[in-house]
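*Asks:* Sequence:
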Amino acid sequence: AIGDKRLGSQNTDGSGSIRQFYKPMRRLGATARHMLEMAAAEIWGVPVDQVSTKQHAVHHADGRKLDFGELVAKAAEQDKPKRSKLTYKSPEDWRYVGQDHAIVDLHAMTVGQAQYGLDVKFEGMKYATIAHCPVLGGEWKSYDAKAALAIPGVERVVEMQVAQAPYQFKALGGLAVIAKNTFAAIQGRDALQIEWEPGANASYDSDAYRKSLEEAVNQPGDPYVDKGDVDQALKDSARTFKADYYAPHLSHAPMEPPCAVARAREDGCEVWAPTQNPQAVQQTVGGALGLDPDQVTCHVTLLGGGFGRKSKPDYCAEAALLSRELDAPVQVIWTREDDIRHDYFHSVAAMHLEAGLDEGGRPQAWLARTAFPPIGSTFNASADRGGAGEAGMGFTNLPFQVPNRRIEAGQAQAHVRIGWLRSVAHVYHIFAVSSFLNELAHFTGRDPVEYFQGLIDDPKDRLSRTLAHCVQRSNWGEKLPKGRGRGFAANESFGSAVAVVAEVSVSEAGDLSIDRVDIAIDCGLAVSPDRVRAQMEGSVLFGISLTRFGEITAKNGAIVQGNFDTYPVARMGDTPKEIHVHIVPSQGPLGGVGEPGVPPMAPAICEAIFQATGKRIRSLPLSRQDLSWS
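With this note's numbering, letter number 427 in the sequence shown gets 427, and the count goes up by one each step, no holes.
Quick caveat, the hints were computed from the structure, so don't treat them as lab data. Among these hints, one or two may not hold up.
In the DSS-like style, the derived pairs of lysine-lysine whose C-alpha atoms are separated by at most 30 angstroms in a straight line are [said to hold, decoys possible]:
no. : residue 1 : residue 2
1   : Lys615    : Lys211
2   : Lys170    : Lys141
3   : Lys180    : Lys121
4   : Lys615    : Lys479
5   : Lys577    : Lys170
6   : Lys180    : Lys170
7   : Lys615    : Lys482
8   : Lys227    : Lys242
9   : Lys460    : Lys479
10  : Lys242    : Lys479
11  : Lys146    : Lys180
12  : Lys5      : Lys65
13  : Lys74     : Lys23
14  : Lys180    : Lys141
15  : Lys555    : Lys482
16  : Lys577    : Lys479
17  : Lys211    : Lys460
18  : Lys121    : Lys170
19  : Lys577    : Lys615
20  : Lys211    : Lys235
21  : Lys211    : Lys180
22  : Lys141    : Lys121
23  : Lys5      : Lys121
24  : Lys121    : Lys80
25  : Lys482    : Lys242
26  : Lys5      : Lys82
27  : Lys23     : Lys479
28  : Lys555    : Lys479
Taking CB as the label site, the calculated pair distances span [said to hold, decoys possible]:
no. : residue 1 : residue 2 : range
29  : Ser212    : Val97     : 49 to 57 angstroms
30  : Asp461    : Ser203    : 27 to 35 angstroms
31  : Leu28     : Leu149    : 37 to 45 angstroms
32  : Asn380    : Leu302    : 49 to 57 angstroms
33  : Arg446    : Leu28     : 20 to 28 angstroms
34  : Glu197    : Arg446    : 56 to 64 angstroms
35  : Pro24     : Lys54     : 45 to 53 angstroms
36  : Met125    : Glu478    : 43 to 51 angstroms
37  : Thr240    : Met25     : 48 to 56 angstroms
38  : Arg83     : Glu215    : 50 to 58 angstroms
39  : Met125    : Lys85     : 23 to 31 angstroms
40  : Asp461    : Gln295    : 19 to 27 angstroms
As the structure is a prediction and not an experimental result, all values here were calculated from the model. All residues carry an ideal CB built from backbone N, CA and C; glycine is no exception.
Working from the sequences, and respecting the hints, build out all of it.
*Replies:* Right under this line is the structure:
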């Protein structure tokens with residue numbers, strides 16, 4: 001849909017579509033039905049309780065019917081009913097809710113008729129690629145415009161103002177090469193021979209930064225939670241256990257890199273883009289051009305993959321600025337290398353956990369610290385600690401009670417743009433906390449599932465029930481030979497509970513195969529079960545990608561990775577032989593499904609590797625680990 005504030009938030013981040021819109025849409029449908037029935041009853045001169053709706057028409061008991069289209073004008077004249085007067089279908093009468101249906105654009109996708117961002121074309125359109133400084137905040141010292149203009153099809157080189165912190169969703173800026181076609185624009189950019197002045201972030205180095213994060217979490221930090229007397233409880237505990245965990249920066253790496261077409265006018269601008277947030281496009285482009293957001297029209301194409309990246313419309317601002325400069329429609333295209341090297345990266349994180357256990361092995365003291373460059377740094381350059389919102393994604397919101405707990409934040413200054421990626425801070429926090437709980441289970445000689453279930457006070461708890469549902473349908477408990485193992489993890493996020501059981505094989509040489517994944521979700525009513533299954537299957541593969549391969553590193557301020565050769569994603573050979581999705585029947589609150597399946601994948605896989613090899617994984621990705629055994 002075109003961006004329009006009258007529609008409410010159109011942002012598809014945060015797994016919120018069903019949670020936000022199911023009830024309002026149901027009320028809307030019931031209201032429309034009531035008004036259509038009132039209109040038909042008025043036309044026929046009968047009481048409204050003698051009419052009913054079915055198959056796009058209002059029916060009378062005597063066989064008369066009026067199609068909805070015939071009633072629209074009359075229905076619009078009716079008084080809107082109060083919510084208390086609305087009636088709803090009972091579940092046994094549902095024809096769409098809770099049923100499987102093909103998605104509406106499936107045919108267009110299948111036959112190549114679907115329109116993605118790169119498919120948008122206009123007469124007289126210019127094509128642009130932009131050379132951004134390899135180091136965030138850096139600027140050019142010199143470049144060879146003549147060399148670029150010598151490329152056939154290149155028409156112009158445009159200097160764009162370089163953005164400075166806070167970066168927000170502003171155009172990064174740099175040197176834009178304008179051409180008659182994409183290939184010429186890319187060749188022209190390659191010919192510029194730019195000498196860069198890298199600026200303040202030139203010293204950013206991933207290895208050194210990791211050490212600083214690990215130092216930060218091994219000393220006192222700023223408390224998110226401080227309950228009881230943790231220090232004394234640790235001293236008084238029968239046993240104590242501690243561990244450190246690490247997860248690197250990640251890139252979204254959508255299949256279609258960022259791109260946008262803009263057509264700017266003096267009094268407004270139109271944008272065509274694959275975006276998750278058309279209203280953010282209106283605000284960002286409006287800000288860049290000095291327009292009111294209402295003067296910006298955003299036409300949304302199919303996304304081509306987003307995972308959070310395409311809710312940040314910096315690339316739309318680039319297209320709009322160039323369109324105004326050139327007085328022509330402009331398509332800005334990011335290459336794969338542009339996308340991976342200039343992303344809003346998912347935070348790198350270090351985490352430290354300590355537990356003091358009673359005689360039965362239950363935590364009586366819990367000390368946890370996390371350090372990561374926060375998303376807030378993108379909007380406030382001085383932000384150097386994760387906020388309560390990010391900490392509440394799997395770190396401060398434990399699924400069980402501990403009488404003495406202190407949870408703290410360590411300092412972490414951002415040197416790249418930080419943004420949300422599918423499931424946000426749950427990715428690293430659930431990896432750490434779930435892995436730690438699995439380690440505690442082994443430390444106390446318990447089965448990990450039994451240990452976890454024992455920590456949850458209420459066996460009817462949503463998470464507990466979801467885990468039980470998953471375990472019962474997996475092969476948990478079945479003995480496996482050396483070199484094969486199973487692991488589990490469970491968490492709640494975005495209003496849903498998810499549990500995963502992963503089964504792996506590891507050869508003596510260390511070759512990993514993820515053989516089977518069972519994933520269960522309680523998302524309340526599954527409005528579209530096929531979409532829930534698809535999201536869970538996608539979450540499994542996304543989680544495998546992050547766990548096995550996901551790692552963005554920096555050297556001298558510049559991102560090392562640039563394409564799928566250096567930033568791999570899971571392919572067919574990495575896909576489990578079996579993926580079993582279990583939707584838990586539930587009357588619980590509506591939850592999201594796009595993100596909750598991702599976080600438990602890493603700890604479940606790592607626990608399975610431990611069961612298979614005896615090797616404990618506390619740092620991601622797995623491609624960095626030696627999994628060999630004998």
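*Asks:* Work down the list of hints and note, for each, if the structure agrees.
*Replies:* Each hint, compared with the structure:
The hinted pair formed by Lys615 and Lys211 meets the criterion: a straight-line CA distance of about 23 angstroms does not exceed 30 angstroms. In summary, the hint linking Lys170 to Lys141 is supported, as the alpha carbons are separated by about 22 angstroms, within the 30 angstroms threshold. A threshold of 30 angstroms between alpha carbons decides the hint, and for Lys180 with Lys121 the separation of about 12 angstroms falls inside it, so the pair holds. For the suggested pair Lys615 and Lys479, the alpha carbons sit about 18 angstroms apart, so the restraint of at most 30 angstroms is met.
With a C-alpha separation of about 43 angstroms, the suggested pair Lys577 and Lys170 falls outside the 30 angstroms cut-off, and the hint is violated. For the hint pairing Lys180 with Lys170, the CA-to-CA distance comes to about 26 angstroms; that is within 30 angstroms, so the pair holds. A hinted pair counts as satisfied when its Cα atoms are at most 30 angstroms apart, and Lys615 with Lys482 qualifies at roughly 12 angstroms. Distance hint between Lys227 and Lys242 is fulfilled; the C-alpha atoms sit about 19 angstroms from each other, no more than 30 angstroms.
Taking the CA atoms of Lys460 and Lys479, the gap is near 28 angstroms; set against the 30 angstroms cutoff, the hint holds. Under the criterion of a C-alpha separation no larger than 30 angstroms, the hint pairing Lys242 with Lys479 is consistent with the structure, at around 29 angstroms. With a C-alpha separation of about 17 angstroms, the suggested pair Lys146 and Lys180 falls inside the 30 angstroms cut-off, and the hint holds. Distance check on the hinted pair: Lys5 and Lys65 sit about 37 angstroms apart at the alpha-carbon level, beyond 30 angstroms; violated.
Taking the CA atoms of Lys74 and Lys23, the gap is about 26 angstroms. The hint holds against a cut of 30 angstroms. Taking the CA atoms of Lys180 and Lys141, the gap is about 27 angstroms. The hint holds against a cut of 30 angstroms. For the hint pairing Lys555 with Lys482, the CA-to-CA distance comes to about 40 angstroms; that exceeds 30 angstroms, so the pair is violated. The hinted pair formed by Lys577 and Lys479 meets the criterion: a straight-line CA distance of about 19 angstroms does not exceed 30 angstroms.
With a CA separation close to 42 angstroms, the supplied pair Lys211 and Lys460 exceeds the 30 angstroms bound. For a cut-off of 30 angstroms, the pair hint linking Lys121 to Lys170 stands: about 24 angstroms separates their Cα positions. Between Lys577 and Lys615 the alpha-carbon distance is near 23 angstroms, which keeps this suggested pair within the 30 angstroms criterion. Between Lys211 and Lys235, the direct Cα distance comes to roughly 28 angstroms. Compliance with the 30 angstroms bound is thereby established for this hinted pair.
As the CA atoms of Lys211 and Lys180 are separated by approximately 48 angstroms, the hinted pair breaks the 30 angstroms bound. Between Lys141 and Lys121 the CA atoms are separated by roughly 34 angstroms; this puts the pair beyond 30 angstroms, and the hint is violated. Note on Lys5 and Lys121: the hinted pairing holds, with a Cα-Cα distance of about 27 angstroms set against a maximum of 30 angstroms. This hinted pair does not check out: Lys121 and Lys80 have alpha carbons roughly 43 angstroms apart, beyond 30 angstroms.
Among the hinted pairs, Lys482 with Lys242 is consistent with the structure: their alpha-carbon atoms are about 27 angstroms apart, no more than 30 angstroms. Between Lys5 and Lys82, the direct Cα distance comes to roughly 24 angstroms. Compliance with the 30 angstroms bound is thereby established for this hinted pair. Restraint check for Lys23 and Lys479: the C-alpha separation of about 46 angstroms exceeds 30 angstroms, so the hint is violated. Note on Lys555 and Lys479: the hinted pairing is violated, with a Cα-Cα distance of about 45 angstroms set against a maximum of 30 angstroms.
Separation of Ser212 from Val97 is about 51 angstroms and conforms to the stated range, judged on CB atoms against 49 to 57 angstroms. For the pair Asp461 and Ser203, the beta carbons lie near 47 angstroms from each other, so the given range of 27 to 35 angstroms is not met. Between Leu28 and Leu149 the CB atoms are about 56 angstroms apart, so this pair departs from the stated range of 37 to 45 angstroms. Hint check: Asn380 to Leu302, Cβ distance near 33 angstroms, so the stated range 49 to 57 angstroms is violated.
Taking the beta carbon of each, Arg446 and Leu28 are about 50 angstroms apart, not inside 20 to 28 angstroms as hinted. In this structure the hint that Glu197 and Arg446 lie 56 to 64 angstroms apart at CB holds, the actual value being about 58 angstroms. Take Pro24 and Lys54: their Cβ atoms lie about 24 angstroms apart, and the range 45 to 53 angstroms is violated. At roughly 60 angstroms, the beta-carbon separation of Met125 and Glu478 lies outside the given 43 to 51 angstroms, and the hint is violated.
Thr240 and Met25 have their C-beta atoms about 52 angstroms apart, which keeps the hinted 48 to 56 angstroms range intact. Our hint of 50 to 58 angstroms for Arg83 and Glu215 holds, since their Cβ atoms are close to 56 angstroms apart. In this structure, Met125 and Lys85 break the distance hint of 23 to 31 angstroms, their C-beta atoms being roughly 53 angstroms apart. Taken as a hint, the range 19 to 27 angstroms is violated for the pair Asp461 and Gln295, whose Cβ atoms sit roughly 50 angstroms apart.
Violation of the numbered hints given earlier is confined to hints 5, 12, 15, 17, 21, 22, 24, 27, 28, 30, 31, 32, 33, 35, 36, 39 and 40; the remaining hints are satisfied by the structure.
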